[in-house]
Amino acid sequence: MPSVKVTIDGTQIEADSKRTIIEAAREHGIKIPHFCWHPKLSVSGNCRMCLVEIEKMPKLAIACSTQVAEGMVVHTKNDRVVHARNAVMEFFLINHPLDCPICDEAGECKLQDYTYKYSTGYSRFDEDKVHKPKRIQIGPHVMFDAERCILCSRCIRFCDEIAGVHQLQFIQRGDHTELTTFPGEKLDNPYSMNVVDICPVGALTNADFRFKARVWEMSFTDTICQGCARGCNIEVGVRNNEILRLTPRRNDDVNSSWMCDHGRLDTFKFVNAENRIKAPMIRKDGVLVEVGWDEAIARVASELKSFKKSEIAALGSPFATNEDNYVFQRFAKEVLGTKNIDFARHSHEGDEDAILIRADKSPNSTGAAEVGVVPGDNGMSFNAIIEGIREGKIKALYALEDDLAALPGVAEALSKLEFFVVHAANDSATLRYADIVFAAATYAEKNGTMVNFEQRVQRVRPAVTTLELDRAMDGFEMSRWDKFASHNDKWGKGPRRDARSSWKIVASIAALMGTKFKYNTADEVFNEIAQRVESFRGLSYLKVGTKGTPLKAKTAASVHA
Amino acid sequence: MSLEKSTIIRKKDLSLLERLYIPEIVKGMTLTIRQMFTPTFTTQYPEERFQPPASFRGRPVLVEEHGVERCVACGLCSRVCPALAIEVQAGETELGKERYPEKFEINMIRCIFCGFCEEVCPEEAIIMSQEYELAFTNPQDALFGKDKLLVPIEKVQTRLDFLRSNR
Ligand code: SF4
Ligand code: SF4
Ligand code: SF4
Ligand code: SF4
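Going down the list, the protein sequences come from chains A and B. Going by this note's numbering, the first residue of the first sequence is number 1, and it counts up by one from there. Going by this note's numbering, the first residue of the second sequence is number 1, and it counts up by one from there.
Be aware that one or more of the hints could be misleading.
Said to hold, decoys possible - If you anchor each label on the Cβ, the simulated ranges turn out as follows:
hint, chain 1, residue 1, chain 2, residue 2, range
1, A, E334, B, Q140, 47 to 57 Å
2, B, G58, A, Q172, 28 to 38 Å
3, A, K269, B, G58, 49 to 59 Å
4, B, Q140, A, D427, 27 to 37 Å
5, B, V68, A, D427, 35 to 45 Å
6, A, G494, B, E133, 31 to 41 Å
7, B, Q157, A, F125, 28 to 38 Å
8, B, Q140, A, T546, 37 to 47 Å
For the record, the hints were derived by calculation from the structure and aren't laboratory data. Only a predicted model underlies this, so the values are computations on that prediction, with no experimental measurement involved. Ideal Cβ positions, reconstructed from N, Cα and C, are used throughout, including at glycine.
I would like the entire structure built from these sequences, with the hints used as guidance.
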């Protein structure tokens, strides 16, 4: 990698000679304003916002397409550059509508921010603005406002280069240029909503999030998507204790800067849903009735004792965290003494692509197996357990959060069980067969880790409070409303559900059955995993950080419990 | 703890006239009696009501024009409000403005009548009215929804004129 010495704003830096000025500057923490340039897309050079002065060059040059060269001296802040930027901003604002009050981008808009930073805010334009179509449903999940578009072409390049489909195009010329889809077509690729994130203005907006909240009213929590085994890094936007949107977070080892539309739309609504399980339930006279935690826990502990070890099976879950699965397998092996332990796979063969989407539709199947949710010696695997239930060999089943009844042929087997305990966050077909249901916290309500298909451990962080966790006391991200709401303000709160992390529920049952697990928090469970599971050795929440870290060994490790 | 004995301070340098004290009483009474014959400016509230000037900051209200609120639910008033009194939830409308407040609530117990909401509003949709009679026996009554906040533009024209003339 031949490197060259470049001076930017008086600081000498060393940069790879293949880099452009904007890239080299960024690597050294110098920000050059830009609209059309994006680190993950090809260079277009149309917005002219990144103009810089290069000594010995007569005219200003755009930093996004000029490569660095030995001895180059670049100025990004001198009077000439500042003046040019103001002129560029004045051009952008000529036809831009004054839509900020009704625009969902307001608050995270590059044009707004740059207007404050790089424009004098003075316009010499008295004529009528050019009017274009507004409120266009350009795709099933994306709204388009042509007046707000600054014609940067990021969205076009995203579709061409990342999503791999040419769906967007400019038509007309000059100030009448307009973005559009081909006649009769829609912006409907599986990654279409990423254009919302990269559009520097509010021309393309999220149809699902439309007018739900202003961005400054939300708190943002770093966590990972639950839609498939990729585990895209995301931010969860929460207001009044309700998740309103998910956005991708850059992690070049996992998801680059993107996420798929399925992940963005379908993996948070169940947290807010009406059909959440509100309390533990026990089946009495054929119907599930809500009871207190102590009653349900005591009931499970006493019922499970009445079965032979070989009659009990335990199903972990690829939707639960490593912490949940780890404590659960210890419970199954040490307390219940069963070897029949496994979890259900959710692989949809063929429903995958070369970009992000994986066929495995669960976020943590690798982690579940890694922490020991695998059959013991001569123990039954998932299929054998279902078969065993059908034949009457397995009489009691304890399952973590998973809609088992939705899997082919499983519902019929579940109906044969004598005793069925399940953890669930939402109502589902599975609950029809359950004798005891525990209200489980969702991924957005607990601390934990998950392992993606590439053996990368990543953190799940709570964004929504339950009765178990408190926003301020447990170090959640806080919005202004969260910080200053008092106990008699109804906003800033939203519903606070009585759900608990699965590992905690399991540990309480174990305690009643005579085995005390000494964990108080999820990171204590993780520390034990890091001591006892070879591939996790030496890890901690601190080391996993916000972007995750690869597991040590690339083989299915055994648990030395 | 025992109470400390307080010491009585007497002024020692009073003049003879002051020590006679009767002239002082006459002086005081003269002032009192003179006041009795000057015109009063006491308002006999509630029989008589104070009519505030246009610059007065009474309770914030939403301007209703052509039967709809001007507000586009941008949330700026809610953001600027130092007392966190305002809650706005936007919704979509068929009208040209696209957005409207599905819910707009001001907690009148929180409001401190600072007028920041009026100042920040890009639509001149929330303004300070001349209403000042706000007493509640129940905190729930202090939550003013759109029903209480919306006021036809004709009724707040004086304030709007005042704002324009002082821009
Ligand atoms: S819609 Fe947005 S991303 Fe696309 S060209 Fe216009 S401003 Fe750029
Ligand atoms: S690819 Fe998978 S992990 Fe990524 S956003 Fe889509 S569903 Fe979520
Ligand atoms: S600032 Fe004005 S337009 Fe915006 S929400 Fe408040 S009243 Fe409505
Ligand atoms: S007058 Fe001040 S305190 Fe009252 S609602 Fe408006 S901004 Fe809030």
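We went through each hint and held it up to the structure:
E334 of chain A and Q140 of chain B have their C-beta atoms about 53 Å apart, which keeps the hinted 47 to 57 Å range intact. Here the CB-CB span from G58 of chain B to Q172 of chain A is close to 51 Å, at odds with the stated 28 to 38 Å. K269 of chain A and G58 of chain B have their C-beta atoms about 43 Å apart, which leaves the hinted 49 to 59 Å range violated. Distance hint check for Q140 of chain B and D427 of chain A: the Cβ-Cβ separation is about 33 Å, which falls inside the suggested range of 27 to 37 Å.
Between V68 of chain B and D427 of chain A, the C-beta spacing of about 40 Å keeps the proposed range 35 to 45 Å intact. At roughly 33 Å, the beta carbons of G494 of chain A and E133 of chain B sit within the given window of 31 to 41 Å. Under the hint 28 to 38 Å, the C-beta atoms of Q157 of chain B and F125 of chain A, about 32 Å apart, fit the expected range. At roughly 42 Å, the beta carbons of Q140 of chain B and T546 of chain A sit within the given window of 37 to 47 Å.
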